[in-house]
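Asks: Now for the letters of each chain:
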Amino acid sequence: MDNAISSALHFETMVWPWPIAIYLFLAGVSAGAVLIGIAVKLYRESRGQIGYESGIVKGMALIAPIAVIIGLAILIIDLTKPLEFWKMMIYWNPSSVMFWGVMLLSVYIMVLFLFLAAVFYTPLMAIDRRYPIVGTVLALLKRFEKPMQTSMIFLAIAVGAYTGFLLSALKAFPIFNNPVLPILFLVSGASSGAAATMLFGMLCFKEKADSQDIHFVHKIEKPVLMTEIFLLFAFFLGLVFAGGVSAEAARVALMGDFWSYIFWGGVVFCGMVLPWLLQWFSPRSLTHKPGFVAALCVLSLSGVFALRHFILYAGQMTAI
Amino acid sequence: MKLSRRHFLAGGAACAAIPVATLVTAEEEKTGKNLALVFDQTKCIGCEACSQACREANNVPAQVSRLNIVREGPYGEGNDKHYRFDRQSCVHCETAPCIAVCPTGACFRDEDGVVDVTANRCVGCQYCIAACPYRVRYVDPETKAVDKCDLCRKTRLKEGKLPACVEACPTQAVVFGDLNDPKSDVAKLLRAKQTYRDKVSLGTKPKLYKVPHGKGKVI
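Same order as they appear, the protein sequences are chains A and B. By the working numbering, the letter at position 76 of the first sequence is numbered 76, and the numbering carries on one by one without gaps. Counting the second sequence from 1 gives a position; the working numbering is that position plus 1000.
These are calculated hints, taken from the structure and not from any lab test. Accuracy of the hints is not assured; some may be wrong.
To be verified - Calculated lysine-lysine pairs in the PhoX-like style (CA-CA distance at most 20 Å, straight line): (1) B:1154 <-> B:1144; (2) B:1144 <-> B:1161; (3) A:142 <-> A:219; (4) B:1144 <-> A:87; (5) B:1144 <-> A:81; (6) A:206 <-> A:289.
To be verified - Chain A stretches covered by chain B per the calculated footprint, using a threshold of three residues with CB under 8 Å from any CB of chain B: (7) 12-18; (8) 96-107.
Glycine residues also receive a C-beta, built at the ideal position from the N, C-alpha and C atoms.
Throw the hints in and build the complete structure from the sequences for me.
Replies: Right under this line is the structure:
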């Protein structure tokens, strides 16, 4: 078995190892958390409630910046010359997806912090009593909250899809070079964002497991998960229909050794089937327990985590 | 908003310029050379003098290599027993995926159509290694930059010599020259012999031409 795992992790055509999968996962979580957080904020505002008081919005404020920053740190450490990462900022190549990614993520992180400062204007104003300059800046940011919110929606969609485009530019690998991949990553990023904001909202900000906002996120989660399943279906059916190396890539991924177990066991069963079975068949008294909801969140997060690893490794196994 | 015809056309042209700009780079420098290699599989005897000469000429570290001769076989029986040899090295694509994906522009094509890497611009993201369909790029363990065959442009070409592999080959199985010059050795050979190139369906326009082995496989 050790040998089988070792051959699943190290094979001749492999270039990018697991740190890249973790980065893909974290960027997706960050983008998804922003989208879900803004959805909850808008939902609360439409009901006359204050956006930032929601544990989900606070969870977003915690997890979105941390995830993307850790992801980027991993990416930089994974360079062969980590100390020269700044060269990516000064040397440009507009035909490179990664170049656009560097630009996009820089803008994303910047706007994210400014947007969060505007959202948490009222609690942050406490600092104003000691440093009046902070209040002036915050007041200015507060005025731009709406346009920043709209930009954040577009930026988050772009970041979520970008991780897919990063791989789909690799034309020699049929699983990567696939137009469905960016959409699949965006949608699965959204479901991981939903799970992450709920989990951290409950753990760190005392959001109740049966609160109105959690119910709302659950309501968004359903169509998101259905879309994700359909996209996975379209993704692999498209590969099979393309024939040749593409069909072989799909066969190796879904019916091969190690990575097909990760797909069926990790992505499909733990990430999709099990959480929904538990949700449907558990008694109401259980589904409102924080531990239960947290467990579901952990399950769907690990499903998306497994999906990123599965796509990265299984994708590199079969090359034209 | 009122959109005038002029603004519409200008906007459309700007959008169209983005993909075209990346395509045009491959076509530019029409006046320069377009250096290429022909590898004759009927002549190669698999002695690997080429990869040894390459290693010495370019100081290629022992852990990596720019040029490999891949042996397949044996095929046939008795006197007909033979191997097939193939060359694995950078094919200097005219529309190179490595150049397209490199975030810092470290990968480039010089005015003679040689694809190369500027080592101090490379940050080692390895996107080009993943993007290259020919799997000929490696991280140099000393410089930590990505490297590969540069047709000896930094070493022997500068001195007016042929690439090391071409000069070292005892059977003249490797021919080097300018595709834009109809009188060059490669142009003459390409006119006279049937050749193929690997993975042309990917649109990379590779410039390592191969004269097929010729003998059939025993099934």
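Asks: Within a Cα-Cα threshold of 20 Å, do residue 1144 of chain B and residue 1161 of chain B meet the stated pairing?
Replies: 28 Å, violated
Asks: Holds or violated: are the alpha carbons of residue 1144 of chain B and residue 87 of chain A at most 20 Å from each other?
Replies: 15 Å, holds
Asks: For the segment 96-107 of chain A, does the count of residues with a C-beta closer than 8 Å to a C-beta of chain B reach 3?
Replies: Holds: 6 residues of the segment 96-107 of chain A have a Cβ under 8 Å from chain B.
Asks: Straight-line Cα separation of residue 206 of chain A and residue 289 of chain A no greater than 20 Å?
Replies: 13 Å, holds
Asks: Below or equal to 20 Å on CA atoms is what counts here, so check residue 1144 of chain B against residue 81 of chain A.
Replies: 7 Å, holds
Asks: Please verify whether residue 1154 of chain B and residue 1144 of chain B have alpha carbons no more than 20 Å apart.
Replies: With Cα atoms ~18 Å apart, residue 1154 of chain B and residue 1144 of chain B stay inside 20 Å; holds.
Asks: Given the hinted pair residue 142 of chain A and residue 219 of chain A, is their Cα-Cα distance within 20 Å?
Replies: 30 Å, violated
Asks: Quick check: the segment 12-18 of chain A, covered by chain B? Criterion 3+ residues, Cβ under 8 Å.
Replies: holds (count 3)
Violation of the numbered hints given earlier is confined to hints 2 and 3; the remaining hints are satisfied by the structure.
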